[in-house]
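Q: Please work from the sequences and hints to get the whole structure.
These are the residues of each chain, in order.
Protein chains: 2
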Amino acid sequence: MISVDEATRQVLATARALPPETVPLPLAVGRVLLEPLYADRDFPPFHRVAMDGIALAFKAVAAGQTAFPIAATQLAGMPPQPLLDEHAAVEIMTGAALPPGTDTVVRYEDLEFQEVNGRRVAALLVPPPAAGHNIHHQAADRQQGDLLLPAGTRLSPAEIAVAATIGAATLRVARPLRVAVVSTGDELVELEQIPLAHQIRRSNAYMVQAALQQAGAESDAFHFNDDQQALRQGLPPLLAAYDALVLSGGVSKGQADFLPAMLQELGVTQLFHEVHQRPGKPFWFGEKADGAVVFALPGNPVSTFVNFYQYVLPWLRRCQQPHGQPQKLTALLATDFSFAPRIAYFLPVRLETAPYGHLLAHPQAIGGSGDLASLLHCDGFLRLPPEPTEFKAGDAFPLVRFR
Amino acid sequence: MISVDEATRQVLATARALPPETVPLPLAVGRVLLEPLYADRDFPPFHRVAMDGIALAFKAVAAGQTAFPIAATQLAGMPPQPLLDEHAAVEIMTGAALPPGTDTVVRYEDLEFQEVNGRRVAALLVPPPAAGHNIHHQAADRQQGDLLLPAGTRLSPAEIAVAATIGAATLRVARPLRVAVVSTGDELVELEQIPLAHQIRRSNAYMVQAALQQAGAESDAFHFNDDQQALRQGLPPLLAAYDALVLSGGVSKGQADFLPAMLQELGVTQLFHEVHQRPGKPFWFGEKADGAVVFALPGNPVSTFVNFYQYVLPWLRRCQQPHGQPQKLTALLATDFSFAPRIAYFLPVRLETAPYGHLLAHPQAIGGSGDLASLLHCDGFLRLPPEPTEFKAGDAFPLVRFR
Numbered sequence: 001m002i003s004v005d006e007a008t009r010q011v012l013a014t015a016r017a018l019p020p021e022t023v024p025l026p027l028a029v030g031r032v033l034l035e036p037l038y039a040d041r042d043f044p045p046f047h048r049v050a051m052d053g054i055a056l057a058f059k060a061v062a063a064g065q066t067a068f069p070i071a072a073t074q075l076a077g078m079p080p081q082p083l084l085d086e087h088a089a090v091e092i093m094t095g096a097a098l099p100p101g102t103d104t105v106v107r108y109e110d111l112e113f114q115e116v117n118g119r120r121v122a123a124l125l126v127p128p129p130a131a132g133h134n135i136h137h138q139a140a141d142r143q144q145g146d147l148l149l150p151a152g153t154r155l156s157p158a159e160i161a162v163a164a165t166i167g168a169a170t171l172r173v174a175r176p177l178r179v180a181v182v183s184t185g186d187e188l189v190e191l192e193q194i195p196l197a198h199q200i201r202r203s204n205a206y207m208v209q210a211a212l213q214q215a216g217a218e219s220d221a222f223h224f225n226d227d228q229q230a231l232r233q234g235l236p237p238l239l240a241a242y243d244a245l246v247l248s249g250g251v252s253k254g255q256a257d258f259l260p261a262m263l264q265e266l267g268v269t270q271l272f273h274e275v276h277q278r279p280g281k282p283f284w285f286g287e288k289a290d291g292a293v294v295f296a297l298p299g300n301p302v303s304t305f306v307n308f309y310q311y312v313l314p315w316l317r318r319c320q321q322p323h324g325q326p327q328k329l330t331a332l333l334a335t336d337f338s339f340a341p342r343i344a345y346f347l348p349v350r351l352e353t354a355p356y357g358h359l360l361a362h363p364q365a366i367g368g369s370g371d372l373a374s375l376l377h378c379d380g381f382l383r384l385p386p387e388p389t390e391f392k393a394g395d396a397f398p399l400v401r402f403r
Numbered sequence: 001m002i003s004v005d006e007a008t009r010q011v012l013a014t015a016r017a018l019p020p021e022t023v024p025l026p027l028a029v030g031r032v033l034l035e036p037l038y039a040d041r042d043f044p045p046f047h048r049v050a051m052d053g054i055a056l057a058f059k060a061v062a063a064g065q066t067a068f069p070i071a072a073t074q075l076a077g078m079p080p081q082p083l084l085d086e087h088a089a090v091e092i093m094t095g096a097a098l099p100p101g102t103d104t105v106v107r108y109e110d111l112e113f114q115e116v117n118g119r120r121v122a123a124l125l126v127p128p129p130a131a132g133h134n135i136h137h138q139a140a141d142r143q144q145g146d147l148l149l150p151a152g153t154r155l156s157p158a159e160i161a162v163a164a165t166i167g168a169a170t171l172r173v174a175r176p177l178r179v180a181v182v183s184t185g186d187e188l189v190e191l192e193q194i195p196l197a198h199q200i201r202r203s204n205a206y207m208v209q210a211a212l213q214q215a216g217a218e219s220d221a222f223h224f225n226d227d228q229q230a231l232r233q234g235l236p237p238l239l240a241a242y243d244a245l246v247l248s249g250g251v252s253k254g255q256a257d258f259l260p261a262m263l264q265e266l267g268v269t270q271l272f273h274e275v276h277q278r279p280g281k282p283f284w285f286g287e288k289a290d291g292a293v294v295f296a297l298p299g300n301p302v303s304t305f306v307n308f309y310q311y312v313l314p315w316l317r318r319c320q321q322p323h324g325q326p327q328k329l330t331a332l333l334a335t336d337f338s339f340a341p342r343i344a345y346f347l348p349v350r351l352e353t354a355p356y357g358h359l360l361a362h363p364q365a366i367g368g369s370g371d372l373a374s375l376l377h378c379d380g381f382l383r384l385p386p387e388p389t390e391f392k393a394g395d396a397f398p399l400v401r402f403r
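Sequences listed follow chains B and A, in order. Just so we're aligned: 320 in UniProt numbering is position 320 of the first sequence, and the numbers increase by one with no gaps anywhere. Just so we're aligned: 110 in UniProt numbering is position 110 of the second sequence, and the numbers increase by one with no gaps anywhere.
Hints listed in this document are in silico derivations from the structure and should not be mistaken for laboratory results. One or more of the hints may lead you astray.
[Stated by the list, open to error] Below are the SDA-like pairs computed for lysine to any residue, each with C-alpha atoms no more than 25 Å apart in a straight line:
id : chain 1 : residue 1 : chain 2 : residue 2
1  : B       : Lys328    : A       : Leu332
2  : B       : Lys328    : B       : Arg119
3  : A       : Lys253    : B       : Arg403
4  : A       : Lys328    : B       : Glu352
5  : A       : Lys281    : B       : Val126
6  : B       : Lys281    : B       : Glu352
7  : B       : Lys328    : A       : Gly30
8  : A       : Lys253    : B       : Leu37
9  : B       : Lys281    : A       : Leu124
10 : A       : Lys328    : B       : Ile2
11 : A       : Lys328    : B       : Leu329
12 : A       : Lys328    : B       : Ser156
13 : A       : Lys281    : B       : Arg119
A: Right, dumping it as structure tokens:
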């Protein structure tokens, strides 16, 4: 039986890069860019006035001049109004292009305006200390042709704004992963049905689809009873059409747990079966050549949950960003905790943000891996190693966060 | 001029609860529930077998019996197969309902099967320690009628799974916020246009719309030149139709900055103008009776960004969850940092997750509030108070995170 680390390594090794698709800019948020974006102009593209006030020639200030008649007014968006008289000034607004003949901006807060012989005159209350004051100079941030965003960048609102600035109305991004979510089990009935006394409703598939949606993947749900014939016919089209299958149930030691054998019969190579962890030990993982990666998760809801967040989600992220660094979260155990079995344990925890910026993990009681409702009060799992068996408050462990 | 804390308090005080709408369960992830959900049955609804193995009557074990002939086999989803002979056992699978006449499950790992006189017999390798072993008892987690999810709960995949379990095919959730994103400024041209030398493309509106989309709000974008007549006609329908307007530009001291006066003329009550912060000081905030809340943000892109994440996003979250606790993030300054002006400073930072679960904030150089491209290398802003002016590595400050 392999360790959690080894299982994670083998899962991530099967990640495949996604092909590109072209989407309008507003729909690209959260997606991963598959083309580099370069600056089409300098950033800023002109000497940009950074404060409302007046633009003047500094040499007049250096020569002792303290009052400047206003020769013109220039709002943002107006073509620059050249200053022909170096002893005058252009009244000017933030965002405007610096007028030729000027090199310095004095903000309104440092000016007093007077009317002199019917002419508007600005008197300096605080003279500018040097030429270039209050100007955001052309190319100060980026030069035309500079790489702004390399391929592989995940697009947050900041990247969307930069792409808009260079006029990228559409972007080439990784297409969404397509996942088939397959539930098995004769005890499961549809949401709309009233279950018989010994039946329950399907819930894992809804959980997995919701989590996939949050991660930016597309999914379709399929249900099979524990019927080998139906699975033998139903699975091959899914293996061919989807990037991944996420199954829940049918991978343990029971008589209806024929999925591992059947998947191999259908050409899915087993990479491992069973991980040295609790809950979620019976996890089966395989890959079909030229077909889907198959996550066959145990069907107890907490087991499905742990394995989805420990294995499936990092795999999705790796497919989306093959060169991205997986996020490594850590939290501190808030209270002492004992766990006698020498097996990696995913401890359900409620998280608290402590005053110095770290996360405290409070262990939550749980009625076994079937206790779905206990997850309502949890935010994640603290991954405790097989050894030791006594864990101390304040010790740090990897965190698998789902909320 | 008011402080960041006071401005935040006044902004949050204008949050309004959102009316309900009914959506299919799979579309409800990320939304906020507006009805309480109760357990329709016990959790689990029956004594649920928790391991594959055999079900037997413990009193036979207590009497010294160590081998049990298999009287029946029961898979999950099959009606319970009563055990009539207390010296026999039912071979049984995880998820099945415990058969009448049995009270204990022994897992396969603790059994050895033999063929005796043509009958399948399970010999106990490890006798069960007590009655009730390996059974997830009916109502152990929740009882029928228990409140599972109160109104006001944000629906993560765990809540979606619980709602599926009780057959909630549709849910009443808060309808999305509707926001009009309004850009102003004669210097701005559309994405598809080639700007003239003194023009730039619209980018703030794309940033704001992307961030709104991530937060689950709907938005439409509108652009007005610095044309008072167009704004006087164009804004009233937006004030009537949307929950909020987010404007950028036109609120500073310049000659084209007539928005504050015009908004009041259009019936929007000013709650404050200017916050003691950098960047983003000229922020104007108001509310129209029976109409929209108006966030008029300064137009420099970094100022827009800071104010969106400090004010607009927490307001959205408060509207979605009026009784939710705002998330308080904190990070530690990674290096000493000086900032002489005695004004709250939103310091752009790159975040690093440190080994003990806390966030380290590395200050990033930025070319003023117009330097949009600098945000590509930042994950958020550390909010430094007006005093002192020297900040030490290791000190903790509130974090405004945008990535």
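Q: Taking the hints in turn, state whether each one holds.
A: Now for the hints, and whether the structure bears them out:
1. Lys328/B with Leu332/A: The given pair, whose Cα atoms are some 18 Å apart, holds under the 25 Å limit.
2. Lys328/B with Arg119/B: Outside the cut-off at roughly 65 Å; violated.
3. Lys253/A with Arg403/B: 43 Å, violated
4. Lys328/A with Glu352/B: Satisfied, since the Cα-Cα distance of roughly 10 Å is no more than 25 Å.
5. Lys281/A with Val126/B: Holds, because 21 Å separates the two Cα atoms, which is no more than 25 Å.
6. Lys281/B with Glu352/B: 28 Å, violated
7. Lys328/B with Gly30/A: 23 Å, holds
8. Lys253/A with Leu37/B: 35 Å, violated
9. Lys281/B with Leu124/A: OK: Lys281/B and Leu124/A at ~23 Å, within 25 Å.
10. Lys328/A with Ile2/B: It is violated: about 39 Å lies between the C-alpha atoms, which goes past 25 Å.
11. Lys328/A with Leu329/B: 18 Å, holds
12. Lys328/A with Ser156/B: The hint holds at about 21 Å.
13. Lys281/A with Arg119/B: Violated, at about 32 Å.
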